[in-house]
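**Q** If you're matching them up, the sequences are chains A and B in order.
Counting along the first sequence from 1, when you hit position 65 you're at 419 in this note's numbering, and nothing is skipped either side.
Counting along the second sequence from 1, when you hit position 35 you're at 218 in this note's numbering, and nothing is skipped either side.
Just so you know, not all the hints are guaranteed correct.
Said to hold, decoys possible - Capping the alpha-carbon separation at 35 angstroms, the derived lysine-lysine pairs in DSBU-like fashion look like this:
id : chain 1 : residue 1 : chain 2 : residue 2
1  : B       : K257      : A       : K536
2  : B       : K277      : A       : K536
3  : A       : K460      : B       : K257
4  : B       : K277      : B       : K302
5  : A       : K536      : B       : K421
6  : B       : K244      : A       : K536
7  : B       : K277      : A       : K618
8  : A       : K457      : B       : K257
9  : B       : K302      : A       : K536
What the hints assert, rightly or not - Each pair of labels, with its calculated beta carbon distance range:
id : chain 1 : residue 1 : chain 2 : residue 2 : range
10 : A       : W372      : B       : A350      : 52 to 58 angstroms
11 : B       : K302      : A       : I443      : 27 to 33 angstroms
12 : B       : S466      : A       : T544      : 50 to 56 angstroms
13 : B       : F469      : A       : I548      : 51 to 57 angstroms
14 : B       : E517      : A       : P521      : 45 to 51 angstroms
15 : A       : L438      : B       : S419      : 57 to 63 angstroms
No lab work stands behind these hints, which were simulated from the structure alone.
The structure presented is a predicted model; accordingly, all values stated were derived computationally and were not measured.
Glycine included, C-beta positions come from ideal geometry on N, C-alpha and C.
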Amino acid sequence: MARAVTTRRKVITTGAAWAVGLLIFFPIYWTILTSFKTEAQAIANPPLFFSFDWTLENYGVVQERSDYMRFLWNSIFIAGGSTLLGIIIAVPAAWSMAFVPSKRTKDILLWMLSTKMLPAVGVLYPISLLFVKYNLLDTHGGLIVVLMLINLPIIVWMLYTYFREIPGEILEAARMDGAGLKEEILYVLTPMAIPGIASTVLLNVILAWNEAFWTLNLTAAKAAPLTAFIASYSSPEGLFYAKLSAASTMAIAPILILGWFSQKQLVRGLTFGAVK
Amino acid sequence: MGQITLQQVTKSFGDVDVIQPLDLTIEDGEFAVFVGPSGCGKSTLLRLIAGLEDITSGTIKIDGNDATDIPPAKRGLAMVFQSYALYPHMSVRKNIAFPMRMAKVPADEQERRIESAAKALNLTDYLDRRPGQLSGGQRQRVAIGRAIVREPSAFLFDEPLSNLDAALRVGMRMEISELHKKLETTMIYVTHDQVEAMTMADKIVVLRLGNIEQVGSPLELYQRPRNTFVAGFIGSPKMNQIQGAEADKHNAHTIGIRPEHIDLSETDGTWKGTVGVSEHLGSDTFFHVQCDFAAEPITVRATGERALSYGSDVYLTPRAEHLHRFDAQGLRIE
Numbered sequence: 355m356a357r358a359v360t361t362r363r364k365v366i367t368t369g370a371a372w373a374v375g376l377l378i379f380f381p382i383y384w385t386i387l388t389s390f391k392t393e394a395q396a397i398a399n400p401p402l403f404f405s406f407d408w409t410l411e412n413y414g415v416v417q418e419r420s421d422y423m424r425f426l427w428n429s430i431f432i433a434g435g436s437t438l439l440g441i442i443i444a445v446p447a448a449w450s451m452a453f454v455p456s457k458r459t460k461d462i463l464l465w466m467l468s469t470k471m472l473p474a475v476g477v478l479y480p481i482s483l484l485f486v487k488y489n490l491l492d493t494h495g496g497l498i499v500v501l502m503l504i505n506l507p508i509i510v511w512m513l514y515t516y517f518r519e520i521p522g523e524i525l526e527a528a529r530m531d532g533a534g535l536k537e538e539i540l541y542v543l544t545p546m547a548i549p550g551i552a553s554t555v556l557l558n559v560i561l562a563w564n565e566a567f568w569t570l571n572l573t574a575a576k577a578a579p580l581t582a583f584i585a586s587y588s589s590p591e592g593l594f595y596a597k598l599s600a601a602s603t604m605a606i607a608p609i610l611i612l613g614w615f616s617q618k619q620l621v622r623g624l625t626f627g628a629v630k
Numbered sequence: 184m185g186q187i188t189l190q191q192v193t194k195s196f197g198d199v200d201v202i203q204p205l206d207l208t209i210e211d212g213e214f215a216v217f218v219g220p221s222g223c224g225k226s227t228l229l230r231l232i233a234g235l236e237d238i239t240s241g242t243i244k245i246d247g248n249d250a251t252d253i254p255p256a257k258r259g260l261a262m263v264f265q266s267y268a269l270y271p272h273m274s275v276r277k278n279i280a281f282p283m284r285m286a287k288v289p290a291d292e293q294e295r296r297i298e299s300a301a302k303a304l305n306l307t308d309y310l311d312r313r314p315g316q317l318s319g320g321q322r323q324r325v326a327i328g329r330a331i332v333r334e335p336s337a338f339l340f341d342e343p344l345s346n347l348d349a350a351l352r353v354g355m356r357m358e359i360s361e362l363h364k365k366l367e368t369t370m371i372y373v374t375h376d377q378v379e380a381m382t383m384a385d386k387i388v389v390l391r392l393g394n395i396e397q398v399g400s401p402l403e404l405y406q407r408p409r410n411t412f413v414a415g416f417i418g419s420p421k422m423n424q425i426q427g428a429e430a431d432k433h434n435a436h437t438i439g440i441r442p443e444h445i446d447l448s449e450t451d452g453t454w455k456g457t458v459g460v461s462e463h464l465g466s467d468t469f470f471h472v473q474c475d476f477a478a479e480p481i482t483v484r485a486t487g488e489r490a491l492s493y494g495s496d497v498y499l500t501p502r503a504e505h506l507h508r509f510d511a512q513g514l515r516i517e
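Whenever a hint applies, use it, and build me the whole structure from the sequences.
**A** See the structure below:
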């Protein structure tokens with residue numbers, strides 16, 4: 355498509371893109387900025403942008419008061435575990451939907467996605483009761499299973515779209531070459547789908563990392579991830595915005611860095627295989 | 184050993200019958216070609232033999248053993264696909280080794296077979312490349328190499344040359360024929376190109392709409408086509424088929440005469456016509472001659488030097504011994 359792009363048009367679109375980008379980034383920027391202020395400066399009106407006394411005091415206090423490393427470890431364990439478990443279940447599911455579809459495959463996919471439309475709170479009671487009954491409250495295992503289940507439809511969908519891009523003849527060739535189902539998935543399908551699986555993993559780690567509803571409701575101390583770490587600075591502490599910001603910054607830093615280094619994969623993941 | 188027998192095999196996709204009840208035997212060591220227009224079911228038939236599709240009813244036997252319910256991996260057949268279907272994430276060496284790896288062939292034996300296949304197929308210098316770095320012809324060779332090292336009881340080829348350019352296709356055709364002579368293994372080859380069928384096959388199976396129209400050697404099909412479909416499909420350019428008064432003279436509904444079995448004269452002959460388009464191929468010239476009694480121009484083969492100007496009158500004489508007669512159903516009359 356040859357289209358004459360005038361300089362003016364370029365300036366306008368670039369400006370708009372920057373504006374949207376800044377708008378989205380502003381809350382994160384403001385959180386990080388606030389974490390370096392004193393509590394008084396944090397609530398100053400008019401707000402202070404740069405002309406304040408930069409301090410690391412909040413980080414020190416947060417570090418003293420709670421065990422950041424334990425929360426961090428819980429987050430890594432829960433986000434990683436739920437994603438890994440989800441991938442193990444979703445690869446065969448997506449394989450069957452992509453390569454041996456039935457008349458109902460599309461319906462099943464839509465139905466799976468429709469579970470994402472249900473507000474989480476709608477199943478809070480039954481899930482909580484199950485957790486109580488099976489002693490899963492405040493355990494890693496329980497949380498990994500729940501987060502895996504809520505993200506499973508997305509994992510299956512994403513893998514399904516990636517697998518569909520793989521020519522079926524290559525899998526048939528593997529079958530002719532003597533590969534059973536296990537070998538076909540392990541040696542042929544999975545290696546070819548690695549880019550797709552990588553972006554799926556990445557997106558799901560982020561989703562699980564930031565998931566707050568279930569992590570807050572089903573954990574107390576032992577298995578509490580960083581979302582609970584942030585939450586512990588909000589309600590009981592009242593107006594300590596600077597410390598809350600410091601806690602938030604520490605909670606999002608690892609995932610922000612991960613996201614920064616894997617932008618390319620993420621974009622591919624978020625466009626759901628639409629960009630080849 | 185690789186005798187393949189189909190007994191009353193059918194295949195339906197939903198309400199559509201792709202393969203009508205069909206019996207066929209391919210003998211051990213034979214080069215069989217399935218040929219027919221697109222949609223005739225030839226690829227489906229190959230995939231049924233491979234086990235990539237389940238048959239709807241009937242029996243498939245390989246070497247006398249019922250293979251109907253055996254998965255493709257266990258049938259001992261090797262297949263070369265139209266798209267080559269190489270594993271893009273593996274080197275050529277690993278592609279070729281893959282079936283042996285699946286069969287748990289010892290490493291030194293694998294290495295020996297890879298080396299010998301690579302040598303036979305001129306791939307020795309490319310063993311460490313990925314398929315993406317190879318040309319179409321080389322990829323095709325890798326696909327064949329991957330099939331050879333399995334030492335299968337039969338090879339299945341699904342239009343393997345249709346993605347290659349014309350010059351390469353002729354070369355690969357020879358290579359596959361040579362391979363067959365060397366290995367003496369059963370080969371089943373699917374193509375829509377009747378030239379490939381004629382040049383390579385021991386046995387041609389002509390298919391149309393899921394039915395076998397005729398089975399026979401290339402020359403049998405050429406000399407004694409069982410019906411008007413086979414008559415028109417085998418041979419290039421195709422057989423002239425004439426209906427109406429001229430056919431009635433021979434007590435037939437349709438008569439057929441190949442372009443090379445018509446004598447051409449500027450002075451006298453059986454049929455008078457007007458020269459239309461001429462195709463000069465160098466070795467031969469094909470004239471398309473319009474005669475009053477025929478709906479379509481009659482194609483006539485002449486020597487390469489022969490020239491006739493457009494619109495001039497000519498006389499055609501079909502050689503009686505090469506005239507084919509067909510009844511109203513299109514079946515051959517002896």
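**Q** Tell me the numbers of any earlier hints that the structure contravenes, in ascending order.
**A** When the structure is compared with the hints, numbers 5 and 11 turn out to be violated.
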